[in-house]
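Colleague: The chain contents come next:
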Amino acid sequence: MISVRGLRKHYKVHKRPPGLKAAFRSLFHREYTTVKAVDGISFEIRAGERVGFLGPNGAGKTTTLKVLSGLLHPSEGEVRVDGHVPRHREEAFLKKIMLVMGQKQQLLWDLPPAETFELNRAIYDVPQAQFKQTVDELVALLELEELIQKPSRQLSLGERMKCELAAALIHRPRVLFLDEPTIGLDVSMQVTMRSFIKAYTERHGATLILTSHYMDDVAALCPRIVVIDKGALSYDGGLDALVQRVRPEKRVMFRLEQPVEAARLTSLGRVVSHEPGSAVLQVPPEAVSATISRALSSLPVTDLTVENAPLEEVMSELFAENKARRASVAGEVGS
Amino acid sequence: MLRRYSRLLGVQLRASSLLAMQYRGDFLLEGVISLFWTFTAMVPLLVVYGERQAIAGWSFGEALLVVGWFTLLQGVLEGAITPSLNGVVEHIRKGTLDFVLLKPADAQFLVSTTRFEPWRSTNVLTGVAIFVYSFHLLGRGPSIPGLLASVVLLGTSTLLLYSMWILTVSAAFFVVKVDNLTYFFQSIFDAARWPSSVFKGPLAFVFTFLIPLALMTTFPAEAMLGRLPLRALVAAVVGSIVFAFISRRVWLRSIGHYTSAGG
Amino acid sequence: MSLRNTVRAFPSLLRVGFSEALAYRAELHVWVLSTTMPFIMMALWTAVARDEPIGPYNAEGFVGYFLATFVVRQLTGAWAAWQINYEVRQGTLAMRLLRPISPLWAYAAENLGAVPMRVMVAVPVAIFSVLVVGEQAVPREWWGWPLLLVTLLGGWLITFLANVCIGTMALFMESSNHVMDVWLVLFFILSGYMFPVSLGPPWLSALVDWLPFRYQIGLPVEVMTGRHELPETLLLLARQWIWVLVLGTLAVTLWRRGLRRFAAYGG
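Residue numbers (this note's numbering), protein chains in the order written: chain A, 228 to 562; chain B, 19 to 281; chain C, 773 to 1039.
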């Protein structure tokens, strides 16, 4: 469905150094640097897959999405979405896709979302019957009943995002690009959005690419993740496999009946946190059952859970690894 | 496809009308100030004609026709053209132009039909009132073929204004921080208030061929007076079509630059 | 908000204002290019005076007059009314109020900061005027030059203070941009911007002498082209600076009242 080969996107940016003298000089002589937003990425996505793009800020995730939706021309490389070349922006292609950007909105500001729905219906040429069905479905799933007749500017951020998402789906796109859709939303709204997106993609067989900084979004929605760091592909595969590779240690969380001295904990494994009523140990996967049985016999445990390391930590460690690797490569080249 | 685009236009018009009703107080006030400006801007005209009977071959009544056309076109400009294209500059600044480009419809069409301000039709009515008064002063009526020609010229003038605006907005793709394009545009348009024979030498060239203000207000006035030669009318029609074609090409080039340079 | 504090801080405020003007030079270019009215009027009035002069102005006199108008307009422009409206609407005025210096000084510095760049445009035009029109374009007496500077400063102050007065109305009503529009319309007609004030009918000239607009543009232009003798120039200068005082007092009063209301209602 989506095929990307050797994608590169470079920008020429002119340097604007600070200070008055430099500003005067730049009136006459411009210096340029090349920014490599995306530097050689390749991947394939099948129809109906849900993929999460992860990476630090400025890694090239949004740039890749924009190339996939035809908003940016690649500097090099081949991109195909459902047989179309996005750059050509064919009408048929544009009717199949949607890009939702969490920090920008397409809802008409002073008018109710219902007007934006109408407008999109006319633009995407959606038959009346299908339009009504789609709107009813979206209103029901997202609980928009009371919201769509109020001017957009009167809605809270969470309500607006829901309407924004609905407006994006009026034409039942087959490919969804979501760029940080849950940014700034409270926890319950994030949960609502996630379950909606999952239900929608499953019901309509849509393909989804999601970028987010909230690991919970990715964990809940995307069985497969692609990690992009400094414009390059760092990992492509399942989330669990990544965790196994980067931070396979498990976290064992104990609830304690009474406080316990640190010494008794350190003998069991690495202590991550130690409170009067609880403690968290980091334990290599092979040693988990042994550690648990020793803990149960020697500590006043009332409750216990075993988890993977938090995704945030996994990602930070991955990026740190990448950074170190890049530094050592640069060091070798330099020397 | 024509049906689809006319349906789209209908939807956009409805959205604008809703907005116009909601903010009618604001819009009406702006219309009143615009009229205030129209009349006070006639003061220099009064001062000039206090001293002379004719300026560059135009009597007071005749010059008033040019002012009438200026007022009328200003209504068209501020009611139908400026509001939408201001929206483009907003989009570029907020980064939401991407949404327009994502839609499966021509970007120039979408962007040009976003917003209309129907309250500016007061300018159009005022323009017509000025025509009536001018002909009263001149002591005769307009020639009928001249009147028809002037209606044609209304169409060409609108097309010219629109194309000029598209060119100006296309510049915004390259120089994002240009907030005051409206003001700039109107300052240039101000020269159209006067009969074009006032401008001599290089300015005459500029205002006839580069920024064809002469065509927009002087030609229709001359048509109404029955003294516009046929070839001038033809030149106006052909010229405005060519101009529209050029501005479309520039627009497409600018969008291309926007998408390849990274928006 | 001690005076000493303000005086010490003002140079850096000015420097910041200048850097901002430099950073926004694209916009400055647009503003300068939008000053088309003097040239349009120049074309119109030279056409009128082609065969014989009107009052004290012949065709060349008009050219000198309107080139001077362009120069003066560049050097006396201010946009504080728009600034204040914008900041009240965006809520950023509250942040300015947290600082120990009155925002009015900051606005003054920002508006003044654009002057150096505008001088770079104004001076070539003035030189061009001298080349084309000869000595009619600039003061011919020695006292013309210092008085020109005084009257330019007065013109700037009137423009700036009027902007502040109208801008502070935004603290009382929702938006005062429309009031500014009306002011601009009156300014165009009554200041000598579109035609020399001496050319209108006598009742207009009399009216114009009592209003501040004439002292924003008309007077500096007349001093620059050496239209008046010394006693008359001094008299007109006095009137200009009376207006400066009046508007200054009004501006400060409105501002203080406005801020009290702003603080009470949260803007």
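Source of the hints: derived by calculation from the structure; they are not laboratory data. Where is the CB? At the ideal position from N, CA and C, for every residue including glycine. One thing to keep in mind: the hints can contain errors.
What the hints assert, rightly or not - Between beta-carbon pairs, the in silico distance windows are:
id, chain 1, residue 1, chain 2, residue 2, range
1, A, D463, B, S24, 44 to 52 Å
2, A, D467, B, S24, 48 to 56 Å
3, B, N198, C, L903, 26 to 34 Å
Unchecked claim - Mimicking DSS-like on lysine-lysine, the simulated pairs with C-alpha atoms at most 27 Å apart in a straight line are:
id, chain 1, residue 1, chain 2, residue 2
4, B, K112, A, K331
5, B, K112, A, K263
6, A, K425, B, K121
7, A, K425, A, K323
8, B, K121, A, K359
9, A, K263, A, K550
10, A, K377, B, K218
11, B, K121, A, K377
12, A, K457, B, K121
13, B, K121, A, K331
14, A, K322, A, K239
15, A, K359, A, K425
16, A, K239, A, K331
17, B, K112, A, K323
18, A, K322, B, K121
19, A, K377, A, K359
20, A, K322, A, K263
21, B, K112, A, K322
22, B, K112, A, K239
23, B, K121, A, K323
24, A, K457, A, K239
Colleague: Run the distance test for K322(A) versus K239(A): straight-line Cα separation, threshold 27 Å.
Modeller: Distance ~32 Å between K322(A) and K239(A) Cα, so the pair is violated.
Colleague: With the threshold set at 27 Å, check whether the alpha-carbon distance from K425(A) to K121(B) stays at or below it.
Modeller: 24 Å, holds
Colleague: Can you confirm whether the C-alpha distance between K121(B) and K323(A) stays at or below 27 Å?
Modeller: 10 Å, holds
Colleague: Hint says 48 to 56 Å; check whether the CB-CB distance for D467(A) and S24(B) agrees.
Modeller: 54 Å, holds
Colleague: Please work out if K322(A) and K263(A) have their alpha carbons no farther apart than 27 Å.
Modeller: Violated. K322(A) to K263(A) sits at ~30 Å, over the 27 Å cutoff.
Colleague: For the pair supplied as a hint, K112(B) and K239(A), confirm whether the alpha-carbon distance does not exceed 27 Å.
Modeller: 22 Å, holds
Colleague: Straight-line Cα separation of K121(B) and K377(A) no greater than 27 Å?
Modeller: Answer holds: K121(B) to K377(A) is near 24 Å, not above 27 Å.
Colleague: Given the hint that K457(A) pairs with K121(B), does the C-alpha gap stay at or below 27 Å?
Modeller: Status violated; Cα separation ~30 Å.
Colleague: Given the proposed pairing of K377(A) with K359(A), does the C-alpha separation stay at or below 27 Å?
Modeller: 19 Å, holds
Colleague: Is it true that the CA of K239(A) sits at most 27 Å from the CA of K331(A)?
Modeller: 25 Å, holds
Colleague: Are the Cα atoms of K112(B) and K322(A) separated by 27 Å or less?
Modeller: With a Cα-Cα distance of about 24 Å, the restraint between K112(B) and K322(A) holds, given a limit of 27 Å.
Colleague: Can you let me know if the beta-carbon spacing of D463(A) and S24(B) is within 44 to 52 Å?
Modeller: 47 Å, holds
In the structure shown, a violation is registered for the earlier hints numbered 10, 12, 14 and 20, in ascending order.
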